[in-house]
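Asker: Given chain A, work out where chain B should sit, using these hints.
So you can see what is in the structure, the chains are spelled out below.
Number of protein chains: 2
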Amino acid sequence: MTTMSEVNIRRAHRDDVATIVAMLADDHLGGARERIEVPLPNAYFAAFEKVDRDPNFALVVAEDGAGAVVGCLQLCIMPGLSSQGASRGLIEDVRVASNRRSRGIGEQLVQWAVGEARARGCKLVELLTHHSRLDAQRFYERLGFARSHVGMTIRF
Amino acid sequence: MTTMSEVNIRRAHRDDVATIVAMLADDHLGGARERIEVPLPNAYFAAFEKVDRDPNFALVVAEDGAGAVVGCLQLCIMPGLSSQGASRGLIEDVRVASNRRSRGIGEQLVQWAVGEARARGCKLVELLTHHSRLDAQRFYERLGFARSHVGMTIRF
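Protein chains in written order, with the working numbering: chain A, 31 to 186; chain B, 31 to 186.
Possibly wrong hints are sitting among the right ones.
Just so you know, same-sequence chains aren't split out, so a pair can sit in one copy or run between any two.
[Unchecked claim] Below, computed lysine to any residue pairings styled on SDA-like, alpha-carbon distance capped at 20 Å:
1. Lys153 <-> Phe186
2. Lys153 <-> Arg65
3. Lys153 <-> Phe87
4. Lys153 <-> Tyr74
5. Lys80 <-> Gly174
6. Lys80 <-> Val47
7. Lys153 <-> Trp142
Treat the hints as calculated values from the structure; they're not laboratory data.
Bound-form chain A, shown alone (with noise of 0.2 Å):
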């Protein structure tokens, strides 16, 4: 083990854009879906714009204590009419950079957003990971989650 590296995590930013976007195709399953180029395509900065301005959704940046930007969560929060009318919490694109993993970030990161959706009333955190993640899965059942469900998706 190494030791913890103790981050804040902070809602992103528009100057944060180009750094999330690094850390998401730092990965072998996202590193062909994204566009590295200077300037970054557009299409980024309104997504985050979309993001950033609905309630229900929070794209939080971990930040080390010299300021920089070491992993990413979204967190999205969506009302619905199952379990009494609780909402539920998605957790989506978790990412640590890769030369500070394994020390936790990771793990403040998803409890961070397990402990804003419980403040948001959810009865309900869920993810999907992909199978080939045994790491993540592994990961995730450390804090607590189970391996209830089946992820289907369909691309276009």
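Answerer: Just chain B, lined up with the frame of chain A:
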């Protein structure tokens, strides 16, 4: 095979809430989570209002030729940075009235949701289905979904 029942998919109204909750409860997993009382607990109506006023959520029902509500589904459209800023669709709470199953109603609901997500710019539609729902998994595979992910949940 029984005959297909052609249904009309329309946005849910406040008057549909009790019927939707009855369908959510009529299920081996959902039954224990709902409170079917007369009048229905107000939390269901409060949740309906939240869903109804947010354009990112669509709660729809399937209506048969006689105007009876025989199915429901909730679609959530989530903006996000990944996949070049494409939105994602999440399908939740798919139910068909127990006496109207195996007539293609669920298929029409899911095809509506996939088409709507695509029309709204999503590149991906995802859903979680409990690992015990083997019929549901086969159903979604038939509609083009892949069992690509593990669905993980934490309940409070």
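Asker: Cα distance capped at 20 Å. Does Lys153 pair with Phe186 within a copy, between copies, both, or neither?
Answerer: Answer is between; shortest inter-copy Cα gap is 5 Å, intra-copy 32 Å.
Asker: Check Lys153 against Phe87 for me: Cα-Cα at most 20 Å, and say if that holds within a copy, between copies, both or neither.
Answerer: So Lys153 and Phe87 pass the 20 Å test inside a copy (17 Å) and across (19 Å) alike.
Asker: Can you tell me if Lys80 and Gly174 fall within 20 Å by alpha carbon in one copy, between copies, both or neither?
Answerer: Answer is neither; intra-copy 31 Å and inter-copy 29 Å both fail.
Asker: 20 Å Cα cut-off: does Lys80 pair with Val47 within a copy, between copies, both or neither?
Answerer: Only inside one copy: Lys80 and Val47 sit 13 Å apart there, 29 Å across copies, limit 20 Å.
Asker: Go through the copies and call it for Lys153 and Trp142: within, between, both or neither, with a Cα cutoff of 20 Å.
Answerer: within (15 Å within a copy, 28 Å between copies)
Asker: Can you give me the call for Lys153 and Tyr74, within, between, both or neither, at a CA distance of at most 20 Å?
Answerer: This pair counts as between: shortest inter-copy Cα distance 14 Å, intra-copy 31 Å.
Asker: As a check of your reading, is Lys153 near Arg65 (CA-CA no more than 20 Å) within one copy, between copies, both or neither?
Answerer: between (36 Å within a copy, 15 Å between copies)
In the structure shown, a violation is registered for the earlier hint numbered 5 alone.
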